[in-house]
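Q: Listed here are the chains, written in short residue letters.
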Amino acid sequence: MRGAWLVLKKELLELSKDRKTVFFTFALPLILYPLIFGVMGKMAMRDNAQRKSKPSKVCITDPGSALTPFLQADPKKFQIVPTPEGNLTKALRDKVVDLAIDVPATANEDLKAQKTLTVTATQNSAEDDSELALKRLKDLLKDKDKTWVDARLKALNASPDLATPSRVEVKNAADLALELGKGLGIWIPYILLIGMFTGVMNHGASMTAGERERGTLMSLLSTRIPRPQIAAGKLLALFVLGLVSALANVVGTAIGFNTLAGDIAKASAASGTQGSASILQMASPATLGLTLLLLIPVAMMMVAFILAVGIRARTQREAGTALMPGMFVIILLGVFSMAPGIEKMAVVPYLPIINASVAIREMFGQQFNAVHYALAFGINSLLAIGLTAMAAKTLNREDVLFKS
Amino acid sequence: MIQLRDVHKSFDVRDRKTRKKKRVDAVQGISLDVKPGEIYGLLGPNGAGKTTTLRMIAGLMKPDAGVIEVCGLDTRTKGEEVRGKLAYLATDMQVYERFTPREQLRIFGEMQGVDPATAERRGLHLLDRLGLSDFVDVKMTSFSTGQKQKVNIARALLHDPKAVIFDEPTTGLDVLTAKTVLDLLQVMKQEGRAVIVCTHAMPMAEDVCDRVGIIFDGKLHGDAAPKELLRSRNARSLDEVFFQLAAESETASA
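Going down the list, the protein sequences come from chains A and B. Sequence positions in the first sequence follow numbering that gives the first Met the number 0 and run 0 to 403. Sequence positions in the second sequence follow numbering that gives the first Met the number 0 and run 0 to 253.
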C-alpha cells in the first residue's frame, strides 16, 4: 500500500498549499460556531434581562377598581397606560400596549358573593413582551386567588387544605448537563453529516474531475502506482479531510454549546434552580470516542460516493453539480434525524446514516443502546465496503478515466 | 524494445443526436517494432488512433486483441512494471501548479520507485539540461507553457526509463524551447533508449526520426525510414506522403 500512502501524501501536500481552503474548511468552523452560539446566548440573555427589568404596559377597564389597585401596587411589573383610542388589536400589534385587561363592573360584588371573577385579557401572543405581561397578570391573580380562597374558607370555618386535596412535588432526575447534552445530541449528528459532506465535496470534485480538467490525472496514472492504490490514496485523503472537517465542526459546536451552557447555568444559578454544565459533563470521553468510531463507516460511504461520482464528470464544475443532490440528501437525512420521536420508529436502526445519527443522539442523551449502536456500525460498514469497492472499480474503468 | 503485434482497440461512443451507442474501431491491427537507440515517429491526423496506441503502449489502456511488449513485458499483465521502465509524456499532461518543480520531482520520483534524494538529483540535472535550474523552488503557477513542459519532461524521465513515448512534445513551445526538446531526443537516442514521438510537424519528423509510421483510421501505413518512404511514394516531403495517404484512405472508405 506504499502507492496509496504516496498518493495520500501528495493530496494532503497539495491541499496544504491552498491556505484559503484550509482556513475555510478547518479553521472557520472553530471560530464561527462559538461566535454564533456565544452571540446568540448573550443576546438572548440580555434581551430576557432587559424585558424582565421593564414594567409591562397595561391598559385596564375596571369601573369598580377591583384589580387596578393591585396592579398599581407593583410598579416594577405593571405600568398602567391609558386605553388606546381606536383599534385595540392594532395598538397591541404596534406595541403601544402589551396587554388590555377588562374587569366587569360587578367584580367586587361577584367576589363578595363568592362567585367566579372572570377577567378578560387581550394579548398579542406573537410578542414576547405581551406574553410576559399576561404571565405577570396570571401570577398576580394566582396570588390573589389564594388570598381570596383562604378568606372564603375561613368564613366557612374550613381548613385551607380543603382547596388543595392533592399536590405534586417534582424532583428532577436530570440536571442541566443532561438536558443540554440531549440538545447537543440532536444537533451533533446534523452538524457532523453536513460538516463531513461539505468538507469533502469540493475536494472530492477537485481530486477527480478537477485533476482530469487540470491535466494532472494522466501524470498520476502514468506512474507505476497501481490504479487501486491511486483510488485508495484518494479515498484516504478524502476520508482524513472529512473526519478533520467534521471534527472541526463538532469542536466548534461544542465550544459554542459550552459557552451557551455557561450562560444558561449562570442564569439558572441566579434564579436558584440548577447547577453548572460544561461540555465534559454533557459528553464523556467514551461518548466522544464511540461517536468518532461510528463516523468512520459513514465518512467512508460519503467519500466513496463523492469519488465515484466525481471521476465520472468531465470538469470540476460538472462534478460539483453532480454532487449537489447528494448534499440535499445529507441535509434531508440530517433534518430527519433531528425529528422528535424518530428513535422510537422500529425501522430506524436499519436505515443507513440515520441509524448512526440516532445512535449518537442516544449516547449524548445518556441512553446508550448497544443494539442500535452495533446495527448502525455494522450496516454502515457493509455499505461503506460496497461503495468503496464500487469507487475503486469506477476509477479503474478506461471509459471513465479517458472520457474526453 | 517496444513491440506491437496485431493490436486492436475499439470503443463504444454515444451518438449525440440519436443517443444510440456505436462501436468505433480506433486501432485496427497495428504492428510495429522500435529498437533501442531508435526514434520512431508516429504520424497521423487527429482522431486517427495515435493517442490510443500510445496509451496502450504505456499500459494505461488494454488492447482488445494483439500483444504489446515493452522491454519484454506484456503491457496487459505487467502494466505497472512497464510504466516503471517507460516515460510517457502526453499533450493532456500538466504539472501540479501549486508545487515547485523540486517538490513535484520528489513526489513523482517516489511514485516511480526512486528514492527522493536520487529523484531530486536526477530531476535537477534534467532541469539544468533544459535550462530551468533557476526556477526549481518557484511555485509553478507563474510558469509559462514552455517552462511547465520542461518540468513535465524532467518528471517523465526521472526514473531513467529504457523506453520513451512523447506525444506532441513541442506543441505550444517557442523555437528555442522546441530545439532544446529535440536535442534531448537525440541525447536519449544516443543513450540507447527506444523513443516514440507522435507529432503533426512533418519536417521535424523527417529530421529527427529514424523511422516513421503513419496512422489513418486506426491502420498503420508506411512503416519505414523517412527517405525510404519518400522514395517508395515518389514524394518530395512527408507532407506529400501524408496527403497521398489521406486521399487513399478517403477513396477506400468511399
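Be aware that a few hints might be false.
Result set (DSBU-like, lysine-lysine): computed pairs, CA atoms no more than 35 Å apart in a straight line [to be verified]: (1) A:K41 x A:K170; (2) A:K89 x B:K84; (3) B:K161 x B:K21; (4) A:K16 x B:K138; (5) B:K16 x A:K392; (6) A:K75 x A:K111; (7) A:K56 x B:K147; (8) A:K170 x B:K16; (9) A:K16 x A:K343; (10) B:K218 x B:K138; (11) B:K34 x A:K134; (12) A:K8 x B:K226; (13) A:K392 x B:K226; (14) A:K392 x B:K21; (15) A:K153 x A:K143; (16) A:K137 x A:K76; (17) A:K8 x A:K19.
FYI, nobody ran anything at the bench for these hints, they're computed from the structure.
Q: Does each hint hold? Answer for all of them.
A: Okay, the hints, checked on the actual structure:
{"no.": "1", "hint": "A:K41 x A:K170", "result": "holds, 29 Å"}
{"no.": "2", "hint": "A:K89 x B:K84", "result": "violated, 86 Å"}
{"no.": "3", "hint": "B:K161 x B:K21", "result": "violated, 38 Å"}
{"no.": "4", "hint": "A:K16 x B:K138", "result": "holds, 10 Å"}
{"no.": "5", "hint": "B:K16 x A:K392", "result": "holds, 30 Å"}
{"no.": "6", "hint": "A:K75 x A:K111", "result": "holds, 29 Å"}
{"no.": "7", "hint": "A:K56 x B:K147", "result": "violated, 75 Å"}
{"no.": "8", "hint": "A:K170 x B:K16", "result": "violated, 74 Å"}
{"no.": "9", "hint": "A:K16 x A:K343", "result": "violated, 47 Å"}
{"no.": "10", "hint": "B:K218 x B:K138", "result": "violated, 43 Å"}
{"no.": "11", "hint": "B:K34 x A:K134", "result": "violated, 97 Å"}
{"no.": "12", "hint": "A:K8 x B:K226", "result": "violated, 50 Å"}
{"no.": "13", "hint": "A:K392 x B:K226", "result": "violated, 47 Å"}
{"no.": "14", "hint": "A:K392 x B:K21", "result": "holds, 24 Å"}
{"no.": "15", "hint": "A:K153 x A:K143", "result": "holds, 15 Å"}
{"no.": "16", "hint": "A:K137 x A:K76", "result": "holds, 12 Å"}
{"no.": "17", "hint": "A:K8 x A:K19", "result": "holds, 19 Å"}
This entry does not satisfy hints 2, 3, 7, 8, 9, 10, 11, 12, 13, going by the numbered hints stated previously.
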